[in-house]
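Undergrad: Taken in order, these protein sequences are the chains called E and A. Per the numbering used here: the first sequence = residues 1 to 640. Per the numbering used here: the second sequence = residues 1001 to 1483.
You may find that some hints are simply not true.
Claimed, not checked - Quick list of the computed label-pair ranges, beta carbon to beta carbon:
1) A:T1447 <-> E:W32: 25 to 31 angstroms
2) E:D568 <-> A:T1447: 50 to 56 angstroms
3) A:L1471 <-> E:F187: 24 to 30 angstroms
4) E:F71 <-> A:I1208: 39 to 45 angstroms
5) E:E580 <-> A:R1153: 52 to 58 angstroms
6) E:L62 <-> A:G1065: 37 to 43 angstroms
7) A:K1369 <-> E:W32: 23 to 29 angstroms
8) A:I1285 <-> E:N559: 57 to 63 angstroms
9) A:I1464 <-> E:W32: 24 to 30 angstroms
10) E:D70 <-> A:K1369: 43 to 49 angstroms
11) A:A1456 <-> E:T5: 23 to 29 angstroms
12) A:G1187 <-> E:I60: 55 to 61 angstroms
13) E:N307 <-> A:A1441: 47 to 53 angstroms
14) A:A1456 <-> E:D568: 46 to 52 angstroms
Claimed, not checked - Listed below are several chain E residues computed to face chain A (Cβ distance under 8 angstroms; list not exhaustive):
15) I60
16) Y63
17) R64
18) W65
19) V67
20) S68
21) Y621
22) L627
23) G628
24) V629
25) I632
26) G634
27) V636
What the hints assert, rightly or not - Mimicking SDA-like on lysine to any residue, the simulated pairs with C-alpha atoms at most 25 angstroms apart in a straight line are:
28) E:K197 <-> A:F1468
29) A:K1477 <-> E:Y63
30) A:K1437 <-> E:K369
31) E:K369 <-> E:H444
32) E:K166 <-> A:V1431
33) A:K1477 <-> E:I66
34) A:K1369 <-> E:F150
35) A:K1369 <-> E:K369
36) E:K581 <-> A:I1422
37) E:K208 <-> E:T221
38) A:K1437 <-> E:F21
39) E:K27 <-> A:K1369
Read the hints as simulated data drawn from the structure, not as lab findings. Using N, Cα and C, we set each Cβ at its ideal position, and we do this for glycine too.
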Amino acid sequence: MLEYTLIPLLPLIAFVINIIFGRNYIKDKAHWVSVPAVIGSFVLAVAAFMDVQSGKVININLYRWIVSGDFNVPIGFLIDPLTAVMLIVVTSISSLIFIYSIGYMHGDKGYYRFFAYLSLFVFSMLTLVMSNNFLLLYFGWEAVGLCSYFLIGFWFDKKSAANAGKKAFIVNRFGDFGFGLGVILVFLTFGSLEYTKVFSDAGSVIGKTISIFGYEVNTITLICLLLFCGAVGKSAQLPLHVWLPDAMEGPTPVSALIHAATMVTAGVFMVARCNPLFSLSHTAMTTVAVVGGVTSIFAASIGLVQNDIKRIIAYSTVSQLGYMFLALGVGAYSAGIFHLYTHAYFKALLFLGSGSVIHALHDEMNIQKMGGLKKYMPVTYWTFIAASLSIAGIPGLAGFFSKDEILWRAYAGGDAGRWLWLLATIAAFMTAFYSFRLIFLTFHGKFRGTHEQEHHLHESPSVMTIPLIFLAIGAVASGWVGIPPLLMEHGDRIGEFLAPVLGPPKGEGSHAEEWMVMGLSVFVGLAGIFTAYIMYLKKTELPYKIGEKFQAVYKLLYNKYWIDELYDKTIVRPVLSVSEKIILGFFDAKIIEGVVNGVPNLIGAFSQRLRKIQTGMLSHYAVAMALGVLVIIGAVIFLK
Amino acid sequence: MELNKLDLFSIRLIAPEIILISIALILILLDLVIKRKETIAFVGVLGTLTAAYVNYKLCAMGWTGSTLLGMFAFDGYANFFKLIFYINIILTIFISLRYMVLEEASFGEYYSLILFATSGMMFMASAVDLIVLYVGLELMALSTYILVGITRRQVRSNEAALKYFFLGAFSSAFLLYGISLTYGLTGTTNLKEIASALQNLNLLENPILFLGMILVIAAFGFKIALVPFHMWAPDAYEGAPTSITSFMSIGPKAAAFAALGRVLFDAFGPMHVQWSSILIPLSVITMAAGNIIAIAQTNIKRMLAYSSIAHAGYALLGIIAGTHGGLSSMMNYMAIYAFMNIGAFAVVIMLRSKGFRGEELTDYEGLAKSHPAASALMLIFMFSLTGIPPTAGFIAKFYIFMEAINAGYTPLVIIAVIFSAISAFFYLRVVMYMYMKEPKAHVTLSTSPAIFLTIAVTAAVTLILGLFPSLLVELAKMSIAGF
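Kindly generate the complete structure, drawing on both the sequences and the hints.
TA: If you want it as structure tokens, here you go:
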């Protein structure tokens, strides 16, 4: 039991040590605290995974935090196949990112603080995935949000970073509000927050409705949609995706952590965890699938024209998360989790690789000003290639298996599924295209930066490149546990492993159709790469021509569909003006300030007067006491 | 009431009190021969630990019952409060050692008086007879008056002691008047017998008895510092040496709560509707006045005085509920309050150094820059006093609110929650001063191993009870199992 408890506890201990002793004592040795802790978690997570693989499901309540009548809050862990997979993903990726950060953050004045927050982040995420009840899940959920705020705004003296931190936090509040209501509704409906109780009772609530403003709403659907609100925020789906691309203002290892291992995967995990509820609501499932499918193509299209290296990868994450939700929405939960798992490796790799590039170029992020880095940074280049081939869905690599699984499940999922499959396939083309546009512009061709930069070009230190190599192995090989039965009998080991929790995937289709889907997905991947090759290496004038010709479309994409501007006009500004004029101008200035300044003045004046008659004060006190008794007696007599 | 009725063997049940009083007397004698005050303090701590150990042994042997002709009960309820008292003594002595030297008031009788006051509290917690209760209360009160004025060269200390003394005498008169009215009607001062007399003599609707009860409540209201019987508190808290402020914001308050709980539940139990209807408005105005006036304070001791008034208002909810659950949540509240409040005062005391009072809120400006550890601990105590999870203060409030809701006092709880939110303003203001402002003057901390230990223990308990509340909650429930 202790060994499981230690999985989240080790990073927490590291956090406590670093935050208390970091500033004065540990300073630039902070990694000696945090790195062993997270690696320890990883080792324990592997052990837990083995336990689960041997057929054990660990569901322990450590203790009950609050017990009062019907309301009781257990602190407990559930480690089943789903959690086991998540544990491996979170701890392995985090370990590599921690090691990478030693090099990347070297010399930063907030070095100890960085490792402290990083550890807290991992603790939060581990709590989130290991919880056996909704309240602890909610705790982890919020803690992850808080940590993201700390880390995105890590360089808080940079205004854009501070703003991005705030943006992430505030945008997530919208989703979390729904999520919180969902958790409350779960408690009201089932009288418990524990997964086992809620999921086993789910069947008894089918068809029940609750009335909201006179409308009868299906309870399960409402619960699922509210919970999904939270997922939309955390996992950056339309329309709450806006925080994620800005989140790259944080140090690059943080981006990698947010995009690959912690935070954004929380939403996907939560929906998969609640699959017994979601499966009961057709409406909720359709919503999840549509939001996922639309987000995948929406974000991919934005990624086509961006110039900031991290921003491209950020939109790629939003798009890939869309795939995951699409899978969840069509009932292929294990496909969604499978993609989460493979995506974690290649996405962490892409971010850390881009970090390596940025590091070499002294914080240059515009890919138009890069080029030809291949010869200077071979390790970064080749690992980047591995990740990009993987995300493009080239057969044999991790991304191919998981993406193909999703596309096939969507196709097999019926009429609506066909449409979403079509969207996702187009998005796959875009994915391949923008990934290789990035590679060609960054690593091939001639260097387009300053001489000064060119002079300093160098490969990153091995503390940074070794994690890249490990992640590259993951990006290539992590998919081999999920080979479709079409290619290999019993190849889908991860699907079978997850089946006890997530159930067998739904949908049917012939072998011919499955070959067709697979073939098409490979074709669009290759086509995307080829197109990028033509446009950015062969006929380099082509992008400008196309940009000129389709100026409207280009602008639309380049400006990210003006969603940020739309929110700014419709939400941010009205709220700000209300808060400035009414809250700050009237409520704060008049009422709060009035009370705060007025009361002391009043009391000050009062006590000043009383101080002049020293003995008078005592008698005042005595009179007050006597009056008090008299008033009580009077009230008792007269109010009787 | 012949003497032969007094079962001498049962005297063992007051062994802890006997030990404490003996040690207090010994300390006075030791003071004549020993110059080092630390030694006296050490003997005091040792004596308290002995008393606590004996008390524990008596509990462990399963002895409960009454002694002194049924006037003194040795039960879980009393023992729970005595635990708070023992902790209060030890931690108060710890924070006093260095501080009293700074105040140039390091007298041996100081420690002796703390023990005397506490033995009075212990009698109050155990009293099942109004006379014993009164004697205990006076022992506590008289000792505390002196303690408040022990820094006798300071005018404000003298003023505080005198005010406290006069008003205390006034409240004692209330109590005695209330007791005599009750005795006149029921013919007894024993709590259980009063309860049965209420039924047998058909006194439930009797206005004179009601008057007696109001006076008793007013007298305890004075000790607890319920508005409008609170007027002494801010002056006494500010004027007293800080260690004594801390001591009396916990001990006498807990003792009065213990006595009030026992009197209202045991003697006036059948009149729950009546007394709760008196306590509800008292609790509301107490929470209102305490929290709102605290906002206006610039002196941290005065602010904590009003905070202590406000907390009495919350804790009263447990008694108002009138259930065993409510009572145990009040006990919880007192225990948790003891830890977080001593912790906060310990930090306040650390700021006091030679020629620097360190009592103004502005003295906390930028403290986080110069003394990050002390600031972080103060932050924990302030969060806990506000009631923010995962600190113990949240647990204390949560359970007391929950029990009040279960007993059907939801509107009252809503009011309490609103005031609790208001209280965040002045508690978190301290945090804001420490973390958001630039330091004005250089503040040196007067640390000592004893203070360090006190703060470490109180902070640890505040966090541990926040995370594992069942340790305390179960203890409190167990304590009143046979109540």
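Undergrad: If a hint holds in the structure, say so; if it does not, say that too.
TA: Cross-check of the supplied hints:
| no. | hint | in the structure |
| --- | --- | --- |
| 1 | A:T1447 <-> E:W32: 25 to 31 angstroms | holds (29 angstroms) |
| 2 | E:D568 <-> A:T1447: 50 to 56 angstroms | holds (51 angstroms) |
| 3 | A:L1471 <-> E:F187: 24 to 30 angstroms | holds (25 angstroms) |
| 4 | E:F71 <-> A:I1208: 39 to 45 angstroms | holds (44 angstroms) |
| 5 | E:E580 <-> A:R1153: 52 to 58 angstroms | holds (54 angstroms) |
| 6 | E:L62 <-> A:G1065: 37 to 43 angstroms | holds (39 angstroms) |
| 7 | A:K1369 <-> E:W32: 23 to 29 angstroms | holds (26 angstroms) |
| 8 | A:I1285 <-> E:N559: 57 to 63 angstroms | holds (59 angstroms) |
| 9 | A:I1464 <-> E:W32: 24 to 30 angstroms | holds (28 angstroms) |
| 10 | E:D70 <-> A:K1369: 43 to 49 angstroms | holds (47 angstroms) |
| 11 | A:A1456 <-> E:T5: 23 to 29 angstroms | holds (24 angstroms) |
| 12 | A:G1187 <-> E:I60: 55 to 61 angstroms | holds (59 angstroms) |
| 13 | E:N307 <-> A:A1441: 47 to 53 angstroms | holds (52 angstroms) |
| 14 | A:A1456 <-> E:D568: 46 to 52 angstroms | holds (49 angstroms) |
| 15 | I60 | violated (16 angstroms) |
| 16 | Y63 | holds (7 angstroms) |
| 17 | R64 | holds (6 angstroms) |
| 18 | W65 | holds (7 angstroms) |
| 19 | V67 | holds (7 angstroms) |
| 20 | S68 | holds (5 angstroms) |
| 21 | Y621 | holds (4 angstroms) |
| 22 | L627 | holds (7 angstroms) |
| 23 | G628 | holds (4 angstroms) |
| 24 | V629 | holds (5 angstroms) |
| 25 | I632 | holds (5 angstroms) |
| 26 | G634 | violated (11 angstroms) |
| 27 | V636 | holds (6 angstroms) |
| 28 | E:K197 <-> A:F1468 | holds (23 angstroms) |
| 29 | A:K1477 <-> E:Y63 | holds (18 angstroms) |
| 30 | A:K1437 <-> E:K369 | violated (43 angstroms) |
| 31 | E:K369 <-> E:H444 | holds (12 angstroms) |
| 32 | E:K166 <-> A:V1431 | holds (21 angstroms) |
| 33 | A:K1477 <-> E:I66 | holds (14 angstroms) |
| 34 | A:K1369 <-> E:F150 | holds (19 angstroms) |
| 35 | A:K1369 <-> E:K369 | violated (42 angstroms) |
| 36 | E:K581 <-> A:I1422 | holds (23 angstroms) |
| 37 | E:K208 <-> E:T221 | holds (10 angstroms) |
| 38 | A:K1437 <-> E:F21 | holds (22 angstroms) |
| 39 | E:K27 <-> A:K1369 | holds (16 angstroms) |
Checked against the numbered hints listed earlier, the structure breaks hints 15, 26, 30 and 35; every other hint is satisfied.
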